[in-house]
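Q: Two chains, each in its own frame: build the complex with the hints.
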Amino acid sequence: MNIILPDNRGRTIDPGACTIEQVLTELGINPIEVIVSVNGRLVPEDATVSGDDEIRIIRVAHGG
Amino acid sequence: MRGCDCCDEPAVARVREPDRHFCATHFTGFFEDRVASTIRNDDMIKPGDRITLALSGGKDSTALLLVLAHLMPAWENVRIVAITIDEGIAGYRDETVRAAVELTADLGIEHHTVTFHDLFGDNLDTLLVGREREACTVCGILRKKALAVAAERYGATKIATGHNLDDEAQSVLMNTLRGDLPRLVRDAAQENTCFIQRIKPLSLTPEKEIAIYLMINNAWKVLPECPYTRFALRAEVRGILSKLEYRHPGTMTNLIETKKKIGRYCAGAQVSEPIRRCRECGDPCSAALCQVCRLRHSLGR
Numbered sequence: 001m002n003i004i005l006p007d008n009r010g011r012t013i014d015p016g017a018c019t020i021e022q023v024l025t026e027l028g029i030n031p032i033e034v035i036v037s038v039n040g041r042l043v044p045e046d047a048t049v050s051g052d053d054e055i056r057i058i059r060v061a062h063g064g
Numbered sequence: 065m066r067g068c069d070c071c072d073e074p075a076v077a078r079v080r081e082p083d084r085h086f087c088a089t090h091f092t093g094f095f096e097d098r099v100a101s102t103i104r105n106d107d108m109i110k111p112g113d114r115i116t117l118a119l120s121g122g123k124d125s126t127a128l129l130l131v132l133a134h135l136m137p138a139w140e141n142v143r144i145v146a147i148t149i150d151e152g153i154a155g156y157r158d159e160t161v162r163a164a165v166e167l168t169a170d171l172g173i174e175h176h177t178v179t180f181h182d183l184f185g186d187n188l189d190t191l192l193v194g195r196e197r198e199a200c201t202v203c204g205i206l207r208k209k210a211l212a213v214a215a216e217r218y219g220a221t222k223i224a225t226g227h228n229l230d231d232e233a234q235s236v237l238m239n240t241l242r243g244d245l246p247r248l249v250r251d252a253a254q255e256n257t258c259f260i261q262r263i264k265p266l267s268l269t270p271e272k273e274i275a276i277y278l279m280i281n282n283a284w285k286v287l288p289e290c291p292y293t294r295f296a297l298r299a300e301v302r303g304i305l306s307k308l309e310y311r312h313p314g315t316m317t318n319l320i321e322t323k324k325k326i327g328r329y330c331a332g333a334q335v336s337e338p339i340r341r342c343r344e345c346g347d348p349c350s351a352a353l354c355q356v357c358r359l360r361h362s363l364g365r
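Chains as they are written, first to last, in this note's numbering: chain P, 1 to 64; chain Y, 65 to 365.
Chain Y extracted, bound-state conformation (with noise of 0.2 Å):
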């Protein structure tokens, strides 16, 4: 049997970048290791930051918050509220709502839900009657919109997202396959949600690593899946990438280095409509309308 490449210990995990063979014990340390260098490359946290962590309960907010807290001690004046969309997915959303009341009871992180039906008059099942295959895009709006209130609503400083390298490789191919050059060049960091900055500290740790680092802390659970994930762009983009980060490793880094020497080359051109006030709900958006009022005056609301 493989041994780890640090200790005795049998292997449990191969890192593929760099190409490694950890236990569970290492396996932890460079996970954890790199995603605190992810957030210390990129000036992420600090002293003071009241971070707002979208906490869906699946599994990469789940490791982003467990992370998190356990880096959070060596942080000046940090504090962690994880908060929790309820979309109102029937089958879907009430087992992943409780594995994360359950979390943060065990983490001793508060914790708040906001629901859509609160914000928007209705949940997403009833919202998407006859549009079902829009799923992926109204929610995605709503979403954003639900995060923003409540970052605002428990005086956020940073809203995290468990995002991770997978995911932002797939929205860069998407994007390139829209031929969204605006939403292709936006930087997360400078992202605006009510102007409030968004962190992805796990834009460079592989989706495969998330779940083995889950599985080493006992922190694995089968969730069920969106039932609209069907419907997404996104399953097919999954599909495509991963068979090429197979058969070509560092395809999904080489991505993410595109999007960003691009976005580079685009500094200060004006690939999109400058910020600007929504007309009707004051939001910052690029348009007359934010996608919000837009979605809303779709739905006929």
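Just chain P, same shape as in the assembly (with noise of 0.2 Å):
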């Protein structure tokens, strides 16, 4: 699957069947820090996703 990093950089990783979460974990991403869309449609962090899904994770915690 192809992940879009918060800073937009790429990301490919191939974990098979899996929850948003524990892609977030793996890749060492607090879930309460990131929001998350899957081929362009925002989803829970318990949401499965799979095979060429992309995912974007974008971060809400924004200091100003």
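Warning: the hint list may mix true and false statements.
Claimed, not checked - Subject to a maximum C-alpha distance of 16 Å in a straight line, what follows is the list of computed EDC-like cross-link-like pairs (lysine to aspartate or glutamate):
| hint | chain 1 | residue 1 | chain 2 | residue 2 |
| --- | --- | --- | --- | --- |
| 1 | Y | K307 | P | E26 |
| 2 | Y | K208 | Y | D347 |
| 3 | Y | K324 | Y | E232 |
| 4 | Y | K325 | Y | E232 |
| 5 | Y | K285 | P | D7 |
| 6 | Y | K307 | P | E21 |
| 7 | Y | K307 | Y | D231 |
Unchecked claim - Just so you have them, the derived chain Y footprint on chain P, three or more residues with Cβ under 8 Å:
| hint | stretch |
| --- | --- |
| 8 | 23–32 |
| 9 | 43–57 |
Hints in this document: simulated from the structure, not taken from any laboratory.
From the three backbone atoms N, C-alpha and C, an ideal C-beta is built for every residue, glycine too.
A: Below you can see the structure in the form of structure tokens.
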């Protein structure tokens, strides 16, 4: 699956079917601090992803 | 795909307290209902109120304005005036000011911008030369004063800010780490800013849910981050608290509840100096000089 990180860098991983929360944990990202869209659609962190899904991770905490 | 707990649509969000899954429509309803009940339970807004809303153009104040603009027709004779404080931070504030101007124009809300340069004679970048590590303290003091001046200028009865649950919990932990009991027990509802009451309608709403609300309602904007954030204790506390909240859900709410309990135990006790008038500017404060006048002296102005 293709992942777009909060800093817009791309990354590809292949963990098989898993939840968004597992993907975030694998990447060392706290699910509290981000929202995630899969194939352009906002999803809860217990949604399952697999295969060619495109996962965009957006950081919510903003200093200002 | 997991569905919404209220209908057959797919869920776009999971709310942790209570543990629920919502589609976009039901999440929006849940979000706005919680803000409305926060306002109602703390009696934040009364008929005839003229509310000055501190609109930075960032996500929290944007969400606050969207919700209040949505709720406003149900309130009797309540008006909102949005105020943007332009501190003068190069590469940061211009974009958020532009976002604030566009949002208020779209919603038909009265909007004014107040600048540090006009009020204090210089922009923040210039005031901070050589003391960047104090940025958040200096900015916080001057921004609070600027907001109070604007609130008086536009006849406000309340000042509404977009502080969310995460902000509030971070403040409790920061004040505890600093050993600042007066600030810890100070109730936002009783806080004096030139005697205009401050209200925080998003204070029970997690930061993540604000982002979801904006994303669902096509109001999410990618904006630059304040360049001084890296100097702030808050940035460290934010990371610590969000880790704790993830591992131990309810941590942030527990901190807020603890603050309220300590406040009740301290009720009637003299935990800080009584409010008096600054001997130079006459503003309410708890020392001979208010924070702004002390800051002006330390800046040599």
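Q: Does each hint fit the structure? Answer for all of them.
A: Going down the list of hints, with the structure as the test:
1. Y:K307 x P:E26: holds, 15 Å
2. Y:K208 x Y:D347: Distance ~12 Å between K208 of chain Y and D347 of chain Y Cα, so the pair holds.
3. Y:K324 x Y:E232: Given that 16 Å is the threshold and the Cα spacing comes to 12 Å, the pair holds.
4. Y:K325 x Y:E232: holds, 15 Å
5. Y:K285 x P:D7: holds, 15 Å
6. Y:K307 x P:E21: holds, 14 Å
7. Y:K307 x Y:D231: Given that 16 Å is the threshold and the Cα spacing comes to 15 Å, the pair holds.
8. 23–32: holds (count 3)
9. 43–57: Since three or more residues must qualify, the claim that chain Y covers the stretch 43–57 of chain P holds, with 6 doing so at under 8 Å.
In summary, the structure agrees with every hint in the numbered list given earlier.
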